[in-house]
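Given the sequences, and given the hints that come with them, work out the whole structure.
Each protein sequence line maps, in turn, to chains A and B. Take the first sequence: its position 201, counting from 1, is numbered 207 in the numbering used here, and each next residue is one higher. Take the second sequence: its position 155, counting from 1, is numbered 725 in the numbering used here, and each next residue is one higher.
Read the hints as simulated data drawn from the structure, not as lab findings. Keep in mind that a hint or two might mislead.
[Unchecked claim] Chain B regions said to be covered by chain A (calculated; three or more residues, Cβ under 8 Å):
| # | region |
| --- | --- |
| 1 | 576–590 |
| 2 | 595–608 |
[As the list claims (entries may be wrong)] List time: in silico DSS-like cross-link candidates among lysine-lysine, alpha-carbon distance up to 27 Å:
| # | chain 1 | residue 1 | chain 2 | residue 2 |
| --- | --- | --- | --- | --- |
| 3 | B | K816 | B | K736 |
| 4 | B | K816 | A | K28 |
| 5 | B | K816 | A | K85 |
| 6 | A | K146 | A | K134 |
| 7 | A | K126 | A | K146 |
| 8 | A | K215 | A | K293 |
| 9 | A | K114 | B | K816 |
| 10 | B | K816 | A | K77 |
Quick reminder that beta carbons are idealized off the backbone N, C-alpha and C, glycines included.
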Amino acid sequence: MQSIISVQNLVKTYASGFQALKGVDLEIRRGEIFALLGPNGAGKTTLISIICGIVNATSGSVTADGHDIRKEFRAARSKIGLVPQELTSDAFESVWRTMTFSRGLFGKPPNPAHLEKVLKDLSLWDKKDSPILSLSGGMKRRVMIAKALSHEPQILFLDEPTAGVDVELRRDMWDMVRSLRDSGVTIILTTHYIEEAEEMADRIGVISKGEIILVEEKNTLMRKLGRKQLTLHLQAPLQQIPTQLANRQLELSPDGTQLIYTFDAQADATGIASLLRQLNEHGIDFKDLHTSESSLEEIFVSLVHQR
Amino acid sequence: MNTYGIGAIYRFELARWFRTLVQSLLSPVISTSLYFVVFGAAIGSRMAEIEGVSYGAFIVPGLIMLSVLTESISNASFGIYMPRYSGTIYEVLSAPISAMEIVIGYVGAAATKSIMLGLVILATARLFVPFSIEHPLWMVSFLVLTSLTFSLFGFIIGLWASGWEKLQIVPIMIVTPLAFLGGSFYSIGMLPEFWQKVALFNPVVYLISGFRWSFYGVSDVAVGVSLGMTLLFLTLCLIVIWWIFKTGYRLKA
Chain A
7 MQSIISVQNL
17 VKTYASGFQA
27 LKGVDLEIRR
37 GEIFALLGPN
47 GAGKTTLISI
57 ICGIVNATSG
67 SVTADGHDIR
77 KEFRAARSKI
87 GLVPQELTSD
97 AFESVWRTMT
107 FSRGLFGKPP
117 NPAHLEKVLK
127 DLSLWDKKDS
137 PILSLSGGMK
147 RRVMIAKALS
157 HEPQILFLDE
167 PTAGVDVELR
177 RDMWDMVRSL
187 RDSGVTIILT
197 THYIEEAEEM
207 ADRIGVISKG
217 EIILVEEKNT
227 LMRKLGRKQL
237 TLHLQAPLQQ
247 IPTQLANRQL
257 ELSPDGTQLI
267 YTFDAQADAT
277 GIASLLRQLN
287 EHGIDFKDLH
297 TSESSLEEIF
307 VSLVHQR
Chain B
571 MNTYGIGAIY
581 RFELARWFRT
591 LVQSLLSPVI
601 STSLYFVVFG
611 AAIGSRMAEI
621 EGVSYGAFIV
631 PGLIMLSVLT
641 ESISNASFGI
651 YMPRYSGTIY
661 EVLSAPISAM
671 EIVIGYVGAA
681 ATKSIMLGLV
691 ILATARLFVP
701 FSIEHPLWMV
711 SFLVLTSLTF
721 SLFGFIIGLW
731 ASGWEKLQIV
741 PIMIVTPLAF
751 LGGSFYSIGM
761 LPEFWQKVAL
771 FNPVVYLISG
781 FRWSFYGVSD
791 VAVGVSLGMT
801 LLFLTLCLIV
811 IWWIFKTGYR
821 LKA
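Structural data, given as structure tokens:
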């Protein structure tokens, strides 16, 4: 598949000597939702800031839709929309005026019909003449998105888009991002909420200490690294795990009513059948059982900690 | 050339000015009126004419310059410092717009405000004292050049300032003294000889002298020298701005 953003050997050393990026290579595919995960200070925002032209790279190159971001900055930047992490806005301006400003700034002729559509999609139309300082936090966040969409970008960067946004609004934003993707916009989002990446992303990249440590299809990643758990709801509570079963990956819930078995879903022999036979031999009866996959969050935490 | 981008910045900045029109226009007009009441009417009537010009009329060009200088600096410095302070500068930096276009937008808007302010003060002054303008084209040229130069200077201050105090310190500590000592209220010829020489190191002397010449045909220094010094200062500001954008100083990490 064709890359819409290509990052090659990108290095950023700040004046303080801190190396935020240590030779990052990354290809973003046209039309995908790419989630960039990483702990605080991993380099997520630095990477985005360089691609968008807010921070100068120390070395390395970036192209956006085939245009070098430095040599052909006009062509490259006009393709990109950025929603930064911080809620920064011209507090005294109306929503409509800041959008008009954003569109003009990106070199596009006025198009009130487009701005109207964006505002309506974001449920901001009735606020178009309100000064931004009168809006709630969630609305301000949407104004930032509206500004980024005002010049019809092909690539949209969302830096922590749902930080501080309530659950309902988060769902709405996810729907909006999906419909943007359906309209052909490539979306790169950074997030702390693993749930968000799990919910939305086509592919996931993990960045830690300035290095991309993994880029993978979300489904592959879940499968590859996923661990499953089998939970058995016991008929009668156990005091402790029988010693004959001690060598298995078993845990007993504090109240003794649940037995939890962790296994590798990819392994040929999961050990479930033999476990159940053993339980039967020891007269441990259960009334219900279920299996669950580990979440992306657990995968992520184990990845970052391994290094 | 991103003309839509330049226009967006220019209109946005002017809109900010119009939204606070009372502060931005009325306060300089009121303070100038007070100068005319005090120096023109109260004190001026007891002062002798200077080089054939009544004192009230004599101070008109200086007072206009005083306001244009300070307002150019404060408008332009605030215009670029505000987005840096609030963080909205990210949008300008990520836009397909060149450094020169950004400067044209911000400085153009600030200079426009200053020119309008200068003309409003000129009209206000006419209500207090009668005067005529001998060289209207020169007058306009000096007004435009000064507005541009000091808007550029203000833009540099707005980029350099790392806090609100720094934003104020250059106008208060340097520009206001230079403007007051630059011959707004007197002719350099009225100073003792030694201080006349010292005054020639004050760039504002050249601006006010040239501007006054365009009104009355009298000046402290030759009008060509005034023009030359104004252009020199303009060039210096342009060089500094070119360097700022080349290095990303205070703009990009």
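Here is what the structure says about each hint:
| no. | hint | in the structure |
| --- | --- | --- |
| 1 | 576–590 | holds (count 8) |
| 2 | 595–608 | violated (count 0) |
| 3 | B:K816 to B:K736 | holds, 23 Å |
| 4 | B:K816 to A:K28 | holds, 25 Å |
| 5 | B:K816 to A:K85 | holds, 24 Å |
| 6 | A:K146 to A:K134 | holds, 12 Å |
| 7 | A:K126 to A:K146 | holds, 15 Å |
| 8 | A:K215 to A:K293 | violated, 47 Å |
| 9 | A:K114 to B:K816 | holds, 26 Å |
| 10 | B:K816 to A:K77 | holds, 14 Å |
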